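Following the hints, put chain R in place on chain S, whose structure we already have.
In order, the protein sequence lines correspond to chains S and R.
Going by the working numbering, the first sequence opens with residue 1, and the numbers climb by one from there.
Going by the working numbering, the second sequence opens with residue 1, and the numbers climb by one from there.
If you're looking for bench data, these hints aren't it; they were derived computationally from the structure.
Some hints could be false.
Just so you know, same-sequence chains aren't split out, so a pair can sit in one copy or run between any two.
What the hints assert, rightly or not - As a list, the in silico BS3-like pairs of lysine-lysine whose alpha-carbon atoms are at most 30 angstroms apart:
hint, residue 1, residue 2
1, LYS285, LYS372
2, LYS275, LYS372
3, LYS275, LYS363
4, LYS275, LYS166
5, LYS166, LYS372
6, LYS459, LYS166
Keep in mind it's a predicted model, so treat the numbers as computed, not measured.
Number of protein chains: 2
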Amino acid sequence: MPRTELSHATMFGTAHALPPHTFIMFGATGDLARRKLFPALFALYQNGQLPAQFAVMGTARTPYTLPAFRADVRAALESFARCPVDADAWADFAEHLFYCPVDVRSPEDFSRLREAVTDIERRFDLPEQRVFYLAMAPELFADVVIQLQGCGLTAARGWRRLIIEKPFGRDLASAERLNDQLQQVFEEAEIYRIDHYLGKEMVQNIEVLRFANSIFEPVWDNRSIQNVQITSSETVGVEERAGYYDQAGALRDMVQNHMLQMVMMVAMEPPSRLKTEAIRDEKVKVLRSLRRLSGAEVASHVVRGQYASGQIAGQAVPGYCSEPGVPADSRTETFVAARLWIDNFRWAGVPFYIRTGKRMAAKVTEIVIQFKELPRMYFNQTGQLLPNRLVIHVHPEEGISIQVNAKRPGTDGAVVPVAMEFGQAPDNSPEAYERLLYDGIRGDSTFFTRWDEVSLAWKFVDPIAESFRMNRVPLALYPAGSWGPAASDQLLAADDARWWPLTGQAPAIPEQVHQAGHPLD
Amino acid sequence: MPRTELSHATMFGTAHALPPHTFIMFGATGDLARRKLFPALFALYQNGQLPAQFAVMGTARTPYTLPAFRADVRAALESFARCPVDADAWADFAEHLFYCPVDVRSPEDFSRLREAVTDIERRFDLPEQRVFYLAMAPELFADVVIQLQGCGLTAARGWRRLIIEKPFGRDLASAERLNDQLQQVFEEAEIYRIDHYLGKEMVQNIEVLRFANSIFEPVWDNRSIQNVQITSSETVGVEERAGYYDQAGALRDMVQNHMLQMVMMVAMEPPSRLKTEAIRDEKVKVLRSLRRLSGAEVASHVVRGQYASGQIAGQAVPGYCSEPGVPADSRTETFVAARLWIDNFRWAGVPFYIRTGKRMAAKVTEIVIQFKELPRMYFNQTGQLLPNRLVIHVHPEEGISIQVNAKRPGTDGAVVPVAMEFGQAPDNSPEAYERLLYDGIRGDSTFFTRWDEVSLAWKFVDPIAESFRMNRVPLALYPAGSWGPAASDQLLAADDARWWPLTGQAPAIPEQVHQAGHPLD
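Just chain S, with the same shape it has in the complex (with noise of 0.2 angstroms):
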């Protein structure tokens, strides 16, 4: 059932307002819900780029009247609402919300479903132009695509959207199982499959960075960079997802689909055209040059580490066996590092490194590409100059920062390093589901995840694994509120390299570095 999406060519690029649609959300009661998709809904309310006309019908297993799913959204924007929630603002929101109790097993349920969205469309002169949003356990994915098609929800006369929320699978093998389920009832280009990473405003301006300057590109490859370090820390542990998370691990909940996005991201070859899959063609081409590790290879690439207890904060926190829930013998990743290679003319040589865990010292997203050394000759001649380093800030500081070389003010001589940046306050930035709810209404899916990418990140991530599952991999615990296992350190140490510190960090090595000037003739 191909739908033309060139129709909204007209809107492309602007904050003019959505198309008229109607949004159906499943877990309209749930965590992610409550804390993201209702507040983005809103803030995109306030801010007019939702369209006049438009529709939210919640659905969920839990009975509820209309007042109350209404009353619910309101205290969920109470709490997590970007900006103050108006009450004029809330009193005309709230009229296009809509709920409809549906047991995703019970096709008499979607049946009914049909009938109130068609209902609504039909009240409010609603094109059928549906937003399907699964934001629910992903073993029920396949399930309710199927009953959509089933009760003749996903036959719209208009346009058709399925976003999902990861992890979609826990291998290839799942993966494309799901995936083949959902190509029953859509097409690839009427799946969104979110990556919040790719909501992050700083990610977004990565590519911007690159391509809106011509500053950049020159020094953007092997020539110049020595190496590429992303991180992504949490503080906080397991939480009260233990069920899941010990099942995936940091590998599948991180690693194989956000780290890689923004190691894509760093590393794609510019574009034909800016155009959604112009863009994601070559990011795919990134996903066909990373090296595969296998064998041998992952223990000397990859770093497989578990917190133990320690401190967040000053307050002491359990080990992860130690958590409710987990298993007291769970060998569950909570930390990965490990070395990439991208085998192309760009980046042959230069490592990008990933780590990413739990209960680490500070919650931080930070991408650090560091450029080559100086020559041990000018001011460098005892190799005591830091390298150039060009720091995107993810999270939760946003902004983008040059660390180079300058000389003190005085007549010493002294070189020393100072920083050069730029940066927004976070609070004025949209949240990524704001951006990324606008895109999938929009029918923008450049910052969603085409199956090819999926399919080519569990080929990568499937044998390292294995690897772990058969325990090839040593795990070595770290102590909660640290910056990981000091394999982690080990594995830089290894190329003469180390993990910068991040924003916040207290550098591990002195800042100020003196100087000689003119050595007379």
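Below, chain R without anything else, positioned relative to chain S:
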């Protein structure tokens, strides 16, 4: 009389105390001494950079008692010192100050000066290490130097150095004459020709920026740079210097020295070593590659302006020809703009635009490196994105900024210009004369002008001066308080370029550039 400098090599590049010396200052009661030289010496003293053994011997025509001279210096410090004058520090410093009246045509006066200097050297156990600083009318340089030799002061058993102020000649012939005279007494390595722009913090920072970082050198050439723009503007008019200035004009007063020095710092190749002569060799190579303009080329590459009446900071001010001491029909230029070409592999095809003038809209010295325009693709299909610029803020702000294009936070996909910068409060920055006196006393001539630089600069300037004299270049009037004559803008417009707004100058074009995001496929 060669003197080795090598004995000071151990001190290179540090804030160590300078060697013991006697600083013999001609023009010690003049404006430069009061405004710059004594404040600089005192600052070095307060910083602990002057050695325990040093003496300053002031000379001028006027008779002074020693207490009166010291009081005069104290008054100068009260007015012009960079930091408050500490009473104890002053009391100690004053003990090092001496005075000897000298009529520069009187051999007897020079004999008395020699006696006074040697007497102090004996009393304070000072080695015969003598700095001669000529802060006086350049017509007197040769006479003074010959008298210094005649009285025996230059026959020091230690070293001796001659520091002289600009201008060094008014054309190649007069400069050669002066140089021949000086070199009868001092060797080239003993002559320190001041160009105080070379003492400016950010001018000295250019070599650090370029050679202590690995990200700039790869883009520092004609593949990445569209043009270079160097501005040094003043708001003052000719002030009390009409007698000198009307003979000199902006070309000799600013272009031959300061402007060309900044061109050399930006354009030079990396030297083989960071040593004085290696650096000066590279600077000279820039002048050798600088295309000489002659005949009709001058009028198409150089703009000659003179200020008419106008307003400065809301006050009406007279035109140049109405200034006291200026002939009513003077055709002396108070403004020069020019397009320079450096015909070498690095800079072929990259225009260096320079402009300098009096009675302009603001007092500012800045170097703008404009990078290539972006291709008309991606975010720049309408050509509205501004090219990247690296700006070296020399005065009054001190710092570096880079203009880049980044995504505006939000969902609208707009790309906007942002500045990444580091700066320092100029108040904390030593005056140019502190650095230059420090270097001169220390024997580091890197930031002084070598004879071949002077000579080549005159070779470039002389044909332009001749064209001016023959009125082959029109004299364009510009209102006081403006950015110069329209011809200056037209000079760049002919190359599809324009002067970028300087710090504090209102942008000539809107800074907010809205651009579309991803066109939907």
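Verification of the hints:
1. Taking the closest pair of Cα atoms, LYS285 and LYS372 come within 30 angstroms of each other both inside a single copy (25 angstroms) and across two copies (28 angstroms).
2. Taking the shortest Cα distances, LYS275 and LYS372 sit within 30 angstroms of each other only across copies (24 angstroms), while inside one copy they are farther apart (32 angstroms).
3. Proximity of LYS275 to LYS363 under the C-alpha cut-off of 30 angstroms is found in neither arrangement, the shortest distances being 33 angstroms within a copy and 46 angstroms between copies.
4. With identical chains, the CA atoms of LYS275 and LYS166 are at most 30 angstroms apart within one copy only, with a shortest distance of 24 angstroms there and 59 angstroms across copies.
5. Taking identical chains as interchangeable, the C-alpha atoms of LYS166 and LYS372 are never at most 30 angstroms apart, the minima being 37 angstroms within one chain and 42 angstroms between chains.
6. Taking the closest pair of Cα atoms, LYS459 and LYS166 come within 30 angstroms of each other only inside a single copy of the chain (17 angstroms); across copies the shortest separation is 71 angstroms, beyond that limit.
When held up to the earlier numbered hints, the structure conflicts with 3, 5 and fits the remainder.
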